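Chemist: Now for the letters of each chain:
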Amino acid sequence: MSIAAAIGDTIEDEPKPPPPSTNKGRKFTAYLLMLPGMLWLAIFFVIPLVALFMTSLQTPVPGGEVGQFQQTFSFSNYAETLTDDTYYIPLIRSFIYSGIATILALLIGYPLAYAIAFKGGKYRNLLLVMVIAPFFVSFILRTIAWRQILADEGPVVAVLRVIGVVGETGGIYPSAFAVIMGLTYNFLPFMTLPIYASLERVDPKLIEASGDLYAKPMTGFFKVTFPLSLPGVVAGTLLTFIPAAGDYVNAALLGRPSNTMIGNRIEYTFLSVNDYPTAAVLSFILMATILIMVLIYIRRVGTEDLV
Amino acid sequence: MAKKTDITKAEGDLYLENLTKSFGDFTAVDDLSLQVPQGSFFALLGPSGCGKTTTLRMVSGLEDPTAGRIRIGDADITHEKPYKRPVNTVFQNYALFPHMTIWDNVAFGLKRRGIKDVKKQVDDALELIQLTQVAQRKPTQLSGGQQQRVALARAIVNRPAVLLLDEPLGALDLKLRRQMQLELKRIQTEVGLTFIHVTHDQEEAMTMADTVAVMNNGIIEQMGAPTQLYESPDTAFVANFLGQSNLFPATVVEVDGEDLVLEDPDGSFRMPKSRMGRNVSTDRGARVLVGVRPEKINIAALDAAAAGPADGNFVDGVVEATSFLGVSTQYEVRTPGGEIINVFAQNLDSQDLLPVASQVRLTWKPIHGFVLDGRQDIEAGVEIDPDALVVS
Ligand SMILES: Nc1ncnc2c1ncn2[C@@H]1O[C@H](COP(=O)(O)OP(=O)(O)OP(=O)(O)O)[C@@H](O)[C@H]1O
Ligand SMILES: [Mg+2]
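Protein sequences appear in the order of chains U and E.
According to the working numbering, the first sequence is numbered sequentially starting from 16.
According to the working numbering, the second sequence is numbered sequentially starting from 4.
If a hint is listed, it holds; no wrong ones were tucked in.
Label pairs and their computed distance ranges (CB to CB):
(1) E/Ile222 <-> U/Tyr312: 53 to 63 Å
(2) U/Ala148 <-> E/Arg116: 42 to 52 Å
(3) U/Met145 <-> E/Ser25: 33 to 43 Å
Everything labelled a hint here was simulated from the structure, so no lab data went into it.
All values reported here derive from a predicted model rather than from experimental measurement.
The C-beta atom is built at its ideal place from N, Cα and C for all residues, glycine as well.
With these hints in hand, go ahead and build the complete structure from the sequences.
Modeler: The following block contains the structure:
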């Protein structure tokens, strides 16, 4: 099944409508409607992508200044970058951090979405607004606020010191833990909202039917509610994992140099070292790896449980 | 403490005792009591919103009664969790699990109870509903009638002590519905389970059920065999809701032995006391409603009938409208007292059709009529049948 199908509505309540008629006029209208989107994609996605790819194959101008490159087709740029541990370690670290953050966001976001959908009652809309309320504050500001929260004088450390998880002088910021917390927090709404959307559409009659058919509430949840909410879970995990893997703000603001993620490396290589080809190579590798991981993920979930 | 009986294995008659359910200050089911014998086909019949679904939901455990008790045999299940009750439901819109195959849907209940031999039982159930060939499909790939049968199989396969069917045929078209009625009846006879079938289609209730309970505004108006309800309704609601009735107001003149002497604007007549419904007062001057079913009235041209005084009750009138229905002809006759009386006359000889404006005499045997309490709404239960509108 396709990515679009996983993110979108895969549970069909009705049989598919008959294929649209091949009427010429209608076809023309359909193309006309697609035109702006296609143009937009071409100008702002395809062309930069090609440009980026070309950049990734460039080599320095012999004897030139820093930041001067010429167009070549040096595919060895990829091999060199992939074998350089100053690059592939942050890449692996990115996937570990964003993977953990995605799991945490799922563990927090699913119950949250469930509670809003099934127990929210008349406060549903208010609760949903509260989920997206953080978006009214800039991403960077929110992340900086986490410094305060996790700082040595902050409330979290105070509590952790009392219960003895952290030593008298110990702290949790800056650290990998802080980066993962930041990622989890920042992408939680992207996890919660799609899950909420698919839970909200689960017919309560189906849950009643499972109880009627001898399923205890927990069993009913795992056999009926959860499988029916899988499209939301797939969408939510993708919307969390993909941007989190490429994120550099959280690592920059909440981590140490030893916690850098691939986003930070790309930024550094591009803006500070002015090594544009390597930055482009890293971007491409990141993109390709994410794409492969996502495809494997959707394939697995898709063939096993999705409708 | 005595060992608790295993609720999941309870069997016997189903008893609802003074069952009440209120939502806020609205009482959906009001002090309802009834007994459903084990193995019977019981129909709960009533108009929309009268509390049928609420009653079923209390039996299945999806709704907690405000007061009263529910028992299966000796086991009290009033506040038992739904998943512990030996009760299964065929839901109003089937509620099949869309992410599972038909086979898995049917196997769901058996698997939850850890039954061995799931495969054979599921296969048998699919055979019973004749859908073995679609076992591996998803519910959305079935027609409405097929989904309906799957919902039935999914419930029946568990052999519950009581099977609840909430308007299971409501979403089907008329023809398919008639077919499924026969099918349901066949399956019930075959498996011998107690069926409680909720419907607002009186014909469906009467053709299928051993016992029909007519429900209105959260109470049971009358309960009994279909013929008993039809021939001897207790209330105006039952008389009108089950089939058609001619009801006209009259007053009690006197009680003469086994007969009640009544009078109305068209004259006086006699009805046997044995034909009285609930709460009828026989005091002199008490108001009553007299009812006769349209098919029990004999209609004849006045000149032919006037040879002598008629046997039984009679009234003369003028034909105001006729409609030819094939098996019968429907006449609307206006009496001198201003009543409109409906008559269904069997079509024996089409030459005998009486034209509009003919003078006619209507006769009926007193034993074919019934007398009801005159303080009720004469129009109670008169309904426009939605199906009739669809077909015609
Ligand atoms: N959860 C609820 N909260 C408030 N009122 C309710 C609730 N459930 C049912 N009611 C009310 O109780 C009454 C009976 O409802 P019920 O669903 O039992 O009717 P019904 O006989 O099954 O009707 P239908 O034939 O339309 O299905 C209705 O007036 C309905 O509005
Ligand atoms: Mg109902």
